[in-house]
Each structure stands twice: as C-alpha cells, then as structure tokens.
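There are 2 protein chains.
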Amino acid sequence: MNSNKSRGSSVERYIVSRLRDKGFAVIRAPASGSKRKDHVPDIIALKSGVIILIEVKSRKNGQKIYIEKEQAEGIREFAKRSGGELFLGVKLPKMLRFIKFDMLRQTEGGNYAIDLETVEKGMELEDLVRYVESKISRTLDSFL
Amino acid sequence: MNSNKSRGSSVERYIVSRLRDKGFAVIRAPASGSKRKDHVPDIIALKSGVIILIEVKSRKNGQKIYIEKEQAEGIREFAKRSGGELFLGVKLPKMLRFIKFDMLRQTEGGNYAIDLETVEKGMELEDLVRYVESKISRTLDSFL
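Chains as they are written, first to last, in numbering that gives the first Met the number 0: chain B, 0 to 143; chain D, 0 to 143.
Since the hints were made in silico from the structure, they are not lab data. Check before you lean on any hint, since a few could be wrong.
Pairs involving identical chains hold if they fit within one copy or between any two copies, as the list cannot separate such chains.
When the alpha-carbon atoms are kept at most 20 Å apart in a straight line, the in silico PhoX-like pairs for lysine-lysine are as follows [to be verified]: (1) Lys63 / Lys21; (2) Lys90 / Lys134; (3) Lys79 / Lys21; (4) Lys79 / Lys134; (5) Lys59 / Lys134; (6) Lys120 / Lys79; (7) Lys134 / Lys99; (8) Lys79 / Lys59; (9) Lys90 / Lys56.
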C-alpha cells in the first residue's frame, strides 16, 4: 500500500474514532479509495438524521491535493443521492482540516483540486461537530 | 465461511444492487456480522436525507431467526445515534422480507428473535422503497 494510502487509512480510523466519541454513528466505507467502481466516500457519519460524508486525503509537505475526475464525480453522485453533505478531510503534517467538497475546483484535465491556502482555512474536527449539532437543532426547531 | 454467512453476503449484495438501482446511496458495512466489536448493521441505505439501516439474515427452511444480544444491542445503538430506521432483512428459501427491528422480541436469554409468521407478513423490497419515498415526500411537504 503506497504511503499516502496507508497514512490515509490511519487518518480515517482517527476521524471515525473521534466522531464516534462525539456520538455519531460512523463507519469507514469498505475498500475505500479508487479500487471500487461504485465510488463511495471514505467515511459515512450519521447523527440524529444528519448525513455527513467525508473523503479523506493525507499529504506530506507541499504535495498537491487533487482527486481524479471519475472518483470525485462518483462520490459527488453518492452524496447527491444520499441527501447528505460531502466534505474533504485533509491531513497535513501539522493539521487536519475539513472543507466543503464544493470548494474544490475542476482542473483542465477534469480532476478536482484544492490549494493549501483554502485547506488551511478549513474547519477543525470540533468545528465540523458543532456544524452538525447546529443542523440538528435547526431541524428540531422546524418541527416545534 | 459458514453457509448461512455466505448466503447472507450474496443476499446483502443483491439488496444493495436493487436499492442502488432505485436511486439510493447504499453500502455494505465492512466485515459485517459479529466479528466487529462496534456492531454496525449490514447495509446502510440513504436517500434524500432518509436513513435506512438493514441487518440481513438468511435462513433455510424452518431455521429459527435470532440475533445475539450483544450484536442486536450494538446495531440498535448505531441506529439510535444515526436517527435512521433499523430493519431486519430476512431471506427465506422463497421470499425476501423486511421487518421493523422493533418487531423482534427478546428471549429469556437476552437474544432477539422473530417467528416465521411475522417475517412472512413483512415488507417486500418494493414496499420498503415506497415506504422511504413516502417519508421523503412527507419531509418535503413539511418544508413547503
């Protein structure tokens, strides 16, 4: 398994365990990554009816962050069907950030990329949890 | 792999493929079954914000249908956290039925069981799809 991929798996396990501690029903998709023909995001996290999908990328210093067109469009289709929100989780040497997948831009070659500056402005895990909690309370308010 | 388990896997793949054809975002949980310590239902199916969780059992003629206490309570906890609805999907020789997990009763030994008669009255896959579609339209109506 190439080093990016093995680092990606340990980051996925870390994210899953942290979200589980925060009360989510959360799993890693089987054989995550591009081997699957039906592309599925790496992590599916559910809480009180809110659906969060996370594609995880792990990068050493300065490496470009991009996702191949076919895989990106597969996980976007999965997210669209689910009615959930798709995030990119990026592990850099000193930080872990979560960015809404719509922030990625499409390159000329059709792949999806994001620059480090945008990643660094992304949410921390605690912010993502608070974001979901606020969605839950807004949904509850709409029923009262 | 014992024959119940291998039959279970092929039934899971069948259900996943049929739900995918019906527009769901759907996956089989990795290493489904009792090996996992954090019990997760066999199938997670999402559509337009509705979360359906399915534990799949496959039985030959007349075999009892039960789920061990620890596994049953693990998948019930997962379902509770998720805010989704938990179903038991039972493949019998001539039929496949879906029953709300709450229909199972707890045995003296603490396991969860269901009798064949109740299973045979369960939903067919098309009924389950219609059930989800009706939940989706009710949610949309509540926003109009």
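Original post:
Checking against the hints above, which ones are violated?
Top reply: Hints 1, 2, 5, 6 and 8 not satisfied by this model.
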